[in-house]
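So the protein sequences, as listed, match chains E and Y. Be aware that the first sequence starts at 30, since it is given in our numbering, and climbs by one per residue. Be aware that the second sequence starts at 826, since it is given in our numbering, and climbs by one per residue.
Below 27 Å or equal to it, Euclidean Cα-Cα: the simulated DSS-like pairs (lysine-lysine) are:
no.	chain 1	residue 1	chain 2	residue 2
1	E	Lys668	Y	Lys1088
2	E	Lys215	E	Lys345
3	E	Lys795	E	Lys476
4	Y	Lys1088	E	Lys479
5	Y	Lys864	E	Lys90
6	E	Lys633	E	Lys617
7	E	Lys479	E	Lys795
8	E	Lys798	Y	Lys1088
9	Y	Lys1051	Y	Lys1024
10	Y	Lys1088	E	Lys795
11	Y	Lys1051	Y	Lys1088
12	E	Lys376	E	Lys215
13	E	Lys345	E	Lys175
14	Y	Lys1065	E	Lys795
15	E	Lys215	E	Lys205
16	E	Lys374	E	Lys345
17	E	Lys798	E	Lys668
18	E	Lys479	Y	Lys1065
19	Y	Lys912	Y	Lys1024
20	E	Lys215	E	Lys428
21	E	Lys668	Y	Lys1065
22	E	Lys668	E	Lys795
23	Y	Lys957	Y	Lys851
24	E	Lys798	Y	Lys1065
25	E	Lys591	E	Lys614
26	Y	Lys1051	Y	Lys912
27	E	Lys374	E	Lys334
Now the in silico label distances, taken between C-beta atoms and shown as ranges:
no.	chain 1	residue 1	chain 2	residue 2	range
28	E	Asp672	Y	Ile860	30 to 38 Å
29	E	Lys90	Y	Arg967	45 to 53 Å
30	Y	Pro995	E	Tyr151	46 to 54 Å
31	E	Asp672	Y	Thr980	27 to 35 Å
32	Y	Lys1028	E	Asp463	47 to 55 Å
The hints are simulated quantities; they were obtained by calculation from the structure and are not laboratory data. Cβ atoms here follow ideal geometry from the backbone N, Cα and C, with glycine treated the same way.
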Amino acid sequence: MATTITKTETLVGKRIRRREDPRLITGTATYVEDIQMPGMHYAAIVRSPHAAANIRSIDVKAAAAAPGVVAVFTGKDTEKVGPVPCGASLPDLRVPHHHIMAIDRVYYVGHAVAVVVATDRYLARDAADLLEIDYDVLPAVADPEKALAPGAPAVHPQWPDNTAFNYHQEGGDIAKAFADADVVVKQRITSQRLVPNAMETRGVVAEWRGADRQLNLYTSTQVPHLVRTLVAGMLGLEENRMRVIAPEVGGGFGSKLNIYAEEALMGFVAMKIGKPVKWIESRRENFLTTIHGRGHVDYYEVAAKKDGTILGIKLKIIQDLGAYHQLLTPAIPTLSVLMMPGLYKTKNVSADIVGVFTNCVPTDAYRGAGRPEATHGIERMVDILADELGMDPAEIRLKNFVANEEFPYPTATGLTYDSGNYAAPLDKAMALADYSKILQEQVEARKQGKLVGIGISTYGEICAIGPSPATPAGGWESATVKIEPSGTVTVMTGTCQTGQGEETTFAQIAADELGVDIDNILVLRGDTSIVQYGIGTFGSRATAIGGTALYFALQELKAKVKLFGAMLLESDDVTFSGGQVTCNKSGKTKGLAEIAGATYRAMKLPPNTEPGLVATHFWEPPNFTFPFGAHIVITDIDKETGDIAIRRYIAVDDCGNIINPLIVDGQVHGGVAQGLGQALWEQAVYDDNGQLITGEFMDYAMPRAHMMPWIESSHTITPTNVNPLGVKGVGEAGTIGCSPAVVNSVVDALSHLGVRHIDMPLTPEKIWKLANAGGTN
Amino acid sequence: MFPQTFDYTAPTTLDEAVKLLGGGAKALAGGMSLIPMMKLRLASPEHLVDLGRIKELNYIREESGALHIGATATHYAVESSPLVRTKCPLLAETAAAIGDVQVRNMGTLGGAVAHADPSADYPAALQALEAKIVLRGAGGDRTVSAAEFFVDAFTTVLNEGEMVREVIVPVDTSGVSYQKVPQPASGFAMVGIAARVKKAGGKVTEARIGVTGLTNSSFRATAAEKALEGTNGSAADIQKAAALVAQGSDANSDIHASADYRKHLAVVYTGRALIAAMGRAQ
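Model the full assembly from the supplied sequences, consistent with the hints where possible.
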C-alpha cells in the first residue's frame, strides 16, 4: 500500500468513462431479481381484468390447495395495512382510500385483488388462475374529458363529478393583458398518456427476521429512505426495524419515485409466512400497474401585441389522474403551471387545473413531470402566435426572452429564475443549423412540392428539486464522506441513482477536492442501513443538491485533514492540495494516507478535534435551478405516406457547469429519445371500457436505436449561483426540449397548407391526411 | 409471464414428430410467436414437439429448377443463403425484413408459414412466387399452393396432426422487390408488398404481386398484375396497376393504421415495389 495517494490531474469537466458500466454491460450487476435467499417464496398477484366492478365474492379454496401454495391473501386480509400514501397536498383535495389490494370494488384493469404465495414461481402463477372471483362489472370511464361530462360513470361513487380537485393560480393582471391585446391565439393541446417502461420492471424481495424483529426490503426504487419511512408506517413497524435496499436499479424515469402497494404487500406477506418472498413485476403488469406519465388536455390562450410581445397566458389543464393518487399524482400538473411562462417575461398568467379521476392506472412523475407538458404548450403557442403575426419563430422568442440583466428574475408564477442567457443557445443552434440558408431551402423545396419543416423550441425547466418548503418530503440532500485509516475514500450519498452515473461524477468531485486517485473512491447509495437518511434521485436533483452536500462534506473533511497535517508537520502555515498537506515554510509534506492513519491511531489530537475522518452534510438548497436551451429540428415529410424523416436534430443545452461531458451527452441523448418517443410513436391507449389496448410492446411503440436521428449536442454554460458547483441538472432537459421542437418542425412543414397544430404522437397517418387535405387535426 | 405446465418432446426424426403431432401435440419450431403466446397464457398447449433437432427438416437445396427449403430453416439461413440470394432473391430479401436479428436467428420459415400471422412478411413473397408448401401428416405428404394454403388470420389448410415440411419456390430470374411498412411497435408489416416482374422486348411479360398485412390473409393482386402485363412498365403503367391492388379488399384497421390508410399504403408501396422490381428486371 502506497503511503501517499496523490494526483495532479483535475477530473471535473472531463469525459471520464462511467465506472459503473462494466458490470452493467456485462450483465453482472445485482438487481432485485438477482437476490436469492434460502427458503425463498414467490408471489403471484391476481389482478382485475375489469376497469370497474364490484367484487361479489372471492373463492380461494382451490388456489390455496394447489401444489406448493403456502398462502393466499385477499384485500380483506390486508385491510389493516395502511393506505398507499399520497404525499401531495392541495386545497380541498379528494383522496380516495388506497388500500394495497382491492376489497370490494376494483377501479382499474390491473388493480390487485389477491396474492398467491408458493414455493415456486410457476406454481404460484398456476394457482393464481384457480382463484374464483365473481365480479359485477360496472360502467367505466377512461377519458378525462368524458369523465367530466354530466352522467359519466363515477370512478368513486362518493364523488359523481369525478373531480379530485380544482386548482387556480394567477399572477399579474390577466384581464388587462387580454384587454390590451392586439391578438389572442387559442389552441387545445394534448400531452398523451405514456408508459415509462424502465428496462428493469419493478420488483420486491421481502425478508422478515422475526427473532431480530427486522424487515429487509429489497426494492427497485429511486427513493429508498422514503420507502422505509412510509412502508414501515403502512405496516405498523417501527422505522428502525426496517431496512430498505435498492440494489442496482435498471431505470426509473420517475416511475420508481413512488411508494407502491406491492412494497407493503410483500412486507406483509413476509411477516405473515416468516419466509423471504419475491415478486418480480412482469412487463404486462408494468404496463398495467406502474404509474403512467403525462395525460394532459390543455386549453391555451395567449394574448399579444402586434409586434409579438406576449402580454398574458391563460391555461386550463385537464389532468387525467387515473383511479388513485400515487405519491405525487396531483402535484405533477402544478409543476406545469409553475413553468407555464417558459423563458418569456410576461407577468400575467392565469391557470386552472381540473384533476380528474378515470378508471385507469394513476399518472405520476415521468421524465420531466409536468415540465414537458408546460414546455410543449408554451412552445407550440409561441409558434402559433408567430404564424398568426407572420413573424419568424426565432425572432418572436428573442423578443420575449427574459433579458440577461434581469436575473435573478421573479416570474409570474412565483418562481425566481436563478441565472440565464436565453439567447445564447438559440443563437448557437441557429448558427449550427445555418438558419437563414435552411429557410431559403424550404422556400425552394415548397416550389417543388416538397415538405420541409424547421422547428425551434427554447425551453426552460425547473431542476434541483427542490427547496424543502416546495416539496412534500423535504428537498435537501445528504452526503457522508469517510476517509478510512488506509486513506481510501468512501462516499455515501442520499441520492439513489438508477443509471445516471453519479458513481462516476461524485467520485470526480471527491477526487478533485481531496486530490486522490478516482480509483480510491467508492460511492455507495441505496441502502438505508449504510447510508444516512436521504431523499433520492428525481427532478434533476442528484448532482445539484446531492453533489453539493458532498462538496460541503468534503470541505469539512479537508479542514480536518489540514488540521491533522499541520499538527504532524508541526507548523501552522500549511496548504492542502494534491492529496497532501504541505508546510509552506519548510516544504515538507504529509500524504493523505499518513494523515488518515494518524487520525484513527489518535496518538495525539489537535485541540478541539476528535479522532477519525468522517463528515456528514445535509444541504438545503436556497432555490431551484433553471436550466434552459434551444433545440432545432429539421424534418422532411413524405407527402405520399406521411412518414417523417428527421434530417437534423440540434440540441444546445445550458445546464450550468458540467462535471462530466460524456455523461451529460448521454443524458441529452436519452432524454431526446424519450421526447421523440412522445412526439412520434408512444401512446397509452385505453378503450371506452378502460382496457389498455397498448398493453405490451407489440402495440406500444418505444423509440429504438434504429429509429434515432443523429443528435448534434452542444452546450452553452451559464453557471448557477444557487450552489457552489454551479451545476443545474440535465436529466430531463432532452425530453423537455424535444417534443415541441419536433412538432413545431412538422407543423412548419405543413403550415403553408393551413395546418396550425397537430397532437402527438405524429403518426404517419395523421400527417398523410393533413398533407393531403390541410386544416388542423 | 409464466406458461402453464406442458410436456416437451424433442424427436430427431420426422416420423416420430408426425406420430406425436397425431396424438394432439403442438409443433414448436423457433418459438418466436408460440412462446410469447404461452407466456401470456393466450396459448396453453399440453404437449410441445420441438422440431429443432430433426436434421431432415433443416436444409436449403436446389432440385430440378426449384429451391426446396426445409421447415426449420431459420429466417437468417434463408436471408444469408447464397443459393436463395442468387436463385430466389425475393425470398432472401423478404426474410431480411423480418423482425430483428435475434428473431431471424431463432424464427423459422416453416413456423412462420404455419402460424399464418396476417402481418407476417413471408406470405407476400410466397404468393408472388407462387410457392408450393409441402405438408406432412400421418397419411404422408401433400402439396398445396401458397394461394390455397393461407385461408384467414392464423388459419391455414393444415389439418390436425399435420405440419409444414417444406416450402418450394421457383428458381426465379425476375426483377424483384419486397417493400414493407413496419408497424412501429411490433415491426410486423402494416402492409408488405412482394413484386416480381419479367420483361421481354420492352414489354412486361409477367408480373406477380403478393400482398400481406392489408387484410386477414395474404393474397395475390391479380387485377394489378393483369393491368401491368403487356404494358411498357412505365411510371404511368405502374401507377395504374398499383391503384388496383387494394380494390375490393376488406382492409384491417387498428390504432396504427385505419383501413383507408392501409389501402393507400398498399397502393403506394406496390408502386414502389414495382418500380424497384422493374429496375432490376432484365
